Amino acid sequence: MKIRHARKKDALHIASIEAACFPISEAASQTTIEERIATFPGNFWILEDEHGEMVSFINGMMCNETKIHDAMFASTSCYQHDGNYFAIFSVCTKPSEQHKNYASILMSKVIGDCRSQNRQGIILTCKKQLLPFYERFGYINLGISSSTHGDAIWYDMQLDL
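Taking this note's numbering as reference, the numbering of the sequence shown is continuous, increasing by one, and the terminal residue is 174.
Take every hint as true, because none was put in to throw you off.
The list that follows gives simulated cross-link-like pairs (lysine-lysine, DSS-like), each with its CA atoms no further than 27 Å apart:
#1 K122 with K140
#2 K141 with K80
#3 K122 with K80
#4 K15 with K107
#5 K113 with K22
Quick caveat, the hints were computed from the structure, so don't treat them as lab data.
Note that this is a predicted model, so its numbers are computed, not measured.
Use the sequences and the hints to build the structure in full.
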């Protein structure tokens, strides 16, 4: 297993995994992913298997927001290189590779990296069924989010570092 940051050439593969993990109304497009990689490639953590195949990733952006809002999904304009918070947009694992602890390995790495960078916290939105997954890492459920991204009901989660 190897964890690395994104490269421009990863966009198509990231977009295909994202599309397999989220409904079309919620998944980031390849164009959006390309823009994110161009703006903040270090805000993508990619897990590769022993064959160098991408199996899981986490992406988001550094910001000074304490909750995710819909505009953050559509534009990189809220990105702040020295932001106090890391806003997670996607935690995705190829469906054929799920339930192998890959997302947990990446989440632990993201948390550790954000701590070492002296960030104040990590924020994300998730669906109700994923609350226990994030709570295992110490995230606090702040209730239903104002975000209606993809016309879904989301819950705001925050981890203070």
